[in-house]
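Using the sequences plus the hints, can you model the full thing?
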Amino acid sequence: MIINIITDIIRFMKFILKIIKDFPAYLWSGWGAIASILLFIAFWDMGNQIYGDLVLPSPLETFKTLLLMLQDESVLEEISITLYRASIGFGLSLAIGTSLGLIAGFFATASMMSRPIVTILVGMPPIAWIVLAMIWFGMGDETVIFTVTIASFPIIFVGALQGTRTLDGDLKDMAQSFKLPWHMRFFDVYFPHIFSYVFPAWVSGLGMAWKIVIMAELLATSTGIGASLGVARSQLDTPTALAIVVIMIGSLMFIEYIILEPIKREVELWRN
Amino acid sequence: MEKLEVKALNHHFGFTEILKNINFTLQKGQVLSIVGPSGGGKTTLLHLCADILDVQEGSVTNTFTSSAFAFQEARLLPWKNVIDNIALGLLARGDAKKESIAKAKEIALKFGLDEEDFTKFPKDLSGGMKQRVSFARALVLKPSLLFLDEPFSALDIGLKKELQSILIELIAKKEISILFITHDLMEAIRLSDTMLLLQADPGHIVKEFDFDKLHKERDDKYVYAKSAEILQDEEIIHTFELELK
Chain G
1 MIINIITDII RFMKFILKII KDFPAYLWSG WGAIASILLF IAFWDMGNQI YGDLVLPSPL
61 ETFKTLLLML QDESVLEEIS ITLYRASIGF GLSLAIGTSL GLIAGFFATA SMMSRPIVTI
121 LVGMPPIAWI VLAMIWFGMG DETVIFTVTI ASFPIIFVGA LQGTRTLDGD LKDMAQSFKL
181 PWHMRFFDVY FPHIFSYVFP AWVSGLGMAW KIVIMAELLA TSTGIGASLG VARSQLDTPT
241 ALAIVVIMIG SLMFIEYIIL EPIKREVELW RN
Chain Z
1 MEKLEVKALN HHFGFTEILK NINFTLQKGQ VLSIVGPSGG GKTTLLHLCA DILDVQEGSV
61 TNTFTSSAFA FQEARLLPWK NVIDNIALGL LARGDAKKES IAKAKEIALK FGLDEEDFTK
121 FPKDLSGGMK QRVSFARALV LKPSLLFLDE PFSALDIGLK KELQSILIEL IAKKEISILF
181 ITHDLMEAIR LSDTMLLLQA DPGHIVKEFD FDKLHKERDD KYVYAKSAEI LQDEEIIHTF
241 ELELK
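Protein sequences appear in the order of chains G and Z. So in my numbering, spot 103 of the first sequence is number 103, and the numbers just go up one at a time. So in my numbering, spot 84 of the second sequence is number 84, and the numbers just go up one at a time.
Watch out, some of these pointers could steer you wrong.
Output of the computed footprint for chain Z on chain G, the stretches with three or more beta carbons under 8 angstroms from beta carbons of chain Z [what the hints assert, rightly or not]:
| # | stretch |
| --- | --- |
| 1 | 170–179 |
| 2 | 182–192 |
To spell it out: a stretch of chain Z is covered by chain G in this simulated footprint if at least three of its residues, at any positions, have a beta carbon under 8 angstroms from a beta carbon of chain G; those stretches are [to be verified]:
| # | stretch |
| --- | --- |
| 3 | 45–53 |
| 4 | 59–72 |
| 5 | 75–85 |
The hints are simulated quantities; they were obtained by calculation from the structure and are not laboratory data. Just so it is clear, CB atoms sit at the ideal spot from N, CA and C, and this is done for glycine as well.
Printed below as a string of C-alpha cells:
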C-alpha cells in the first residue's frame, strides 16, 4: 500500500510536469485572444480621439502612467496591501465555503436548509455588506476582508454542495461491489467528481473577491489600490484611474489565463 | 465447498414489499440465472447477494473466496483511462500497481481492445467497448463468483456472442460460478445450469428449470427449441403476462 501511495505521488508529479510541458502550446493558442485585446485597445484609442484626454485618456498615456506607477514604491505598497486583503478574504471563503459545502452536500436535510440561506447571501448586494461591515468593524482591514469573504462564500459553497449532491449512486454501488478501501473510494471515486465542481467555483469566487476588494477599499479604507482609485477620482486624474483599472484587470487575466486555465484543462481532460 | 446460500430472504423499500421468501443455493461451478419481468426485484436480489445492499430479513451466506460484479451499464470511472479502470479491482484488493497494470493490459488485449485504446477515457469509447472494459475489470480478478446484472442487454449480437463465449470457456473449465439476472430467456438458456423464475409484486420464485446439456454443445437450435418449449409453460406466460393470440 505504501508503494501504491508513492507511485501515486510520482504520478501527481508527472501530472504537474505535464501541465508545465503543455504550457507553451497553450500560450501559442492564445494569439486569437491577443488579437481581440489589441482590437479592443484600438477602439479605446478611437474613443480617446473623439472625447479627448480628460474623459478618456489614450491607451498610450495610460500605459505610460502605469509604467511610472509601477516604479513607485508607494504604489507597490498599496498593491501588496490589496493583495493581502484579497488573499485573506478569499482564503477564508475558500476554506469555509468548501468545507461547509461538502458537509451540507452529504446530508439531505442540511442541503435543503442551506438553499434559502444561500439565496439570501447571493441576493444581498455587496454594497449592503460593506455598509454593515463598516458599522461592525469600523474603517480598516477587517471590513474589507469580511466583505470579500462573505461575497465569494456563497459561490464556493454552492459549487462544493453541487459537487457532493451530484455524486453518482451507480458509481458508489460499483465501488461497493469491488470493495474499494476508503482511500481509493475517496481519491478515485469521490474526489475527481467533487473537484470538477469545486474548482470552477473557486475560479469564479476568486474573480468575485478581486472585484469586491477594490470596491470595499474605495468605500471603507484609505489604503490599497481601491483607495488610490478613490483619490484619483477626487483629483480628476483619469490616466491614474485607468492605469489602476488596467492593473486590476491585468492581474485577474494573468491569474485566470496563465495559472488556472492550464490546470483546469489538464484536470478536465476526461470531460466531454 | 464454496457456495452462496440465500434463505428466507425478504426485502422492503419503505412500505413496498420488493422480495418475499427467496430461497436458493448456488454451488461452486454452477451457473444460476434469475429471469423475470423488468421491475420485478431482480436487481435488488442481486445487490443483496453481492452485499451492495444490506439484508433486512433472512440471510445471505456467501462462502466464495472472491467475487466480482458486471453491471448492465459499464459504470466506468469517467476520469480514469481504460487500463486504470480495469485495474481498479486489483488495486482495491491490494495488488501492487505495476503488476495490476500489466494484468490489466493483458486482459484488455484478450477482450479485443487495442493498445491505442489503453489511454482513452470512457467518453471516447463506444458502448460496446465500454462493456468490454467493464467485463475485463470484473474478470481480471479471476473471481470464483461472478455477478451479472443484464450485462448483455445493450450489446449488438456479435459482441454479445463474443462475451458469452468467453464466459462459456470459463464455465467449461469449472473456474467460475455465475449468478446472473436477465429478462432474456434465450440468454438464460444458453448460459445457465439452473434458471429461477421470479414473479413480480412482490418478487418471489415460482418455478425452477434445469438445463443439463453441456454449455459448449448448446447451439442456436437447442436454444430456440428450449425457448419455444419454455414459452409454452403456464407459469412463464403468467409471469411475463404474455398474450398469445
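Consistency of the hints with the structure:
1. 170–179: holds (count 8)
2. 182–192: holds (count 4)
3. 45–53: holds (count 4)
4. 59–72: holds (count 3)
5. 75–85: holds (count 5)
In this structure, every one of the numbered hints holds.
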